[in-house]
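Start counting the sequence shown at -7; every next residue gets the next number (our numbering).
In short, the hints are calculated from the structure, not lab data. Hints may be right or wrong, so weigh each one.
Using 27 Å as the maximum straight-line C-alpha spacing, the simulated DSSO-like pairs for lysine-lysine come out as follows [to be verified]:
(1) K104 <-> K310
(2) K137 <-> K249
(3) K204 <-> K249
(4) K104 <-> K31
(5) K306 <-> K104
(6) K204 <-> K251
(7) K104 <-> K25
(8) K251 <-> K137
(9) K251 <-> K335
If you anchor each label on the Cβ, the simulated ranges turn out as follows [as the list claims (entries may be wrong)]:
(10) M207 <-> N283: 38 to 46 Å
(11) W101 <-> F360: 42 to 50 Å
(12) L42 <-> L201: 47 to 55 Å
(13) E346 <-> S40: 49 to 57 Å
(14) F360 <-> I312: 40 to 48 Å
(15) W105 <-> L349: 44 to 52 Å
(16) P337 <-> L157: 33 to 41 Å
No residue lacks a Cβ here, since even glycine has one placed at the ideal position from N, Cα and C.
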Amino acid sequence: MASASVVTFQWYFWGYSLAFSQYATNGFIGDLKKFGLMKTLGAPSPGSPLIPDLLYAFYQMQFCSVTAAIIVGCIAERGRLIPMMVFVFFWATIVYCPIACWVWNVNGWAFKWGVLDYAGGGPVEIVSGLSALAYSMVLGRRQEKMMLNFRPHNVSLITLGTVMLWFGWLGFNGGSAFGANLRAVVACWNTNLTAMFAAASWVILDWRLARKWSMVGWCSGTISGLVAATPASGFLPPWASVVLGITTGIVCNFATKIKFWIRIDDAMDVFAEHGVAGIVGLIFNGIFATNYIIGLDGVNNGVFVGGWIEGEWKQMYKQIAFIVAATAYSFVVSALLAFAINKIPGLHLRASEEAELLGMDDDQLGEFAYDYVEVRRDYLAWTPAKGEPESGVATIPQGDRHGIHQHSQMLEGKSPTGSLDGTQHTGIGGDRHAVAAGTEKAELDAHR
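Using the sequences plus the hints, can you model the full thing?
Here it is, written out as structure tokens:
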């Protein structure tokens, strides 16, 4: 949500103009003639003459927001929030907007050259994967002791989130046909087919090792398939999407091992599931893109483009050239940007070691996702430090010794430190958490 807020401002301020202004002809980035959405209302949009410019600007803003949100996952368990938001603003300006201009702006060099990218294999997927990899490299690895016996946080929520993403992706890919037409329907079919076969391939590869059917593997395969369908779903016949799904599931499953080889802690496998899958989808466009699918939108009739199966062998080197350019540019510029921000006083990317042990929820947000964390806070706050007596005079809450804010900070009334005479506290928790001097030993025994 924080990254979406930053991108919304950036896109309104100058992002849309830098990516989609038709007045600039340099082929690299737009100008500021649409600054603050000036000259952006009901004129035909760069994406389709059927869509007004203002609606197209809003639609494309969501693409940038999603890309930023994907990147934010790379800071899991060790990154500070404010430096990341500063990064997101400038990243959207100097990384996302130029690459979106290359391939989607009518004056972009890749667009003019004929590169085929239906819904964002370059600007969304390659950029998110490589930018996350670059940021992770500058940020550094999580503490090794925190990664021992590492397990998924909540498999049920992973599954629910994947289902929601799958549903939303149909709008992502189907909507990029810019109309209720057959090309949108084919894009939705291709999206489903690619995701399903990628998930099946991924799960089978995981089964060969553990002899168990992994739900996390199913979700990972599904995401990689949805990503691969992003650049390709509006160009491929359905049978080619089956091949794309199988290929993507296999390639991306093995790509998750790359982070171990290069010693970069990509916590959410953004590079493998987004960067690599986006590359696979763009390559498939160079092989399987067909004229008749493109013309199903009723707008691009008579546009003769395609891949090898259409006899257009040159399309492949165009796709590869764009992949190399987008990969190199997004990684290098993102790494330099993260490195520069990290050197600014007060904007160091990494949280302290104590904060990592405490958790980013408490350190960066001061809020918790689950109530059981609050139970732990309360227990630690009222437990004597090691070596202190467990009976007799009441002990001052030891929250600070445990690296956790004292429970009293969450009370609306008096603090625990001022209530050692056995009086009850008021406010949140109230008398439920008051520990009188005469009952402290019993309370501690009950906790044990």
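Subject >> 27 Å limit on alpha-carbon distance, applied to hinted pair K137 and K249 >> reply: holds, 20 Å
Subject >> Range hint compliance [Cβ, W105 to L349, 44 to 52 Å] >> reply: Taking Cβ atoms as reference, W105 and L349 lie about 51 Å apart, which means the hint holds.
Original post:
When you check the alpha-carbon spacing of K204 and K249, does it fall within 27 Å?
Top reply: Holds, at roughly 20 Å.
Original post:
Is 40 to 48 Å right for how far apart the beta carbons of F360 and I312 are?
Top reply: Hint holds: Cβ distance 47 Å, inside 40 to 48 Å.
Subject >> 27 Å Cα cutoff - pair K251, K137 >> reply: Satisfied, since the Cα-Cα distance of roughly 18 Å is no more than 27 Å.
**OP:** For the range 49 to 57 Å, tell me whether the beta carbons of E346 and S40 fit it or not.
**Re:** This hint holds: roughly 53 Å between Cβ atoms.
Original post:
For the pair supplied as a hint, K104 and K25, is the alpha-carbon distance within the 27 Å limit?
Top reply: holds, 21 Å
**OP:** Would you mind confirming whether the straight-line C-alpha gap from K251 to K335 stays at or under 27 Å?
**Re:** Holds - the C-alpha atoms of K335 and K251 are around 25 Å apart, at most 27 Å.
Original post:
Range hint 33 to 41 Å: satisfied by the CB atoms of P337 and L157?
Top reply: holds, 38 Å
Subject >> Verdict for M207, N283 (Cβ pair) under range 38 to 46 Å >> reply: holds, 40 Å
Subject >> Hint consistency between K104 and K310 [alpha-carbon to alpha-carbon, up to 27 Å] >> reply: The given pair, whose Cα atoms are some 11 Å apart, holds under the 27 Å limit.
**OP:** For W101 and F360, compare the CB-CB distance with the range 42 to 50 Å and indicate the outcome.
**Re:** Check passed, 48 Å falls within 42 to 50 Å.
Checked against the numbered hints given earlier, the structure satisfies every one of them.
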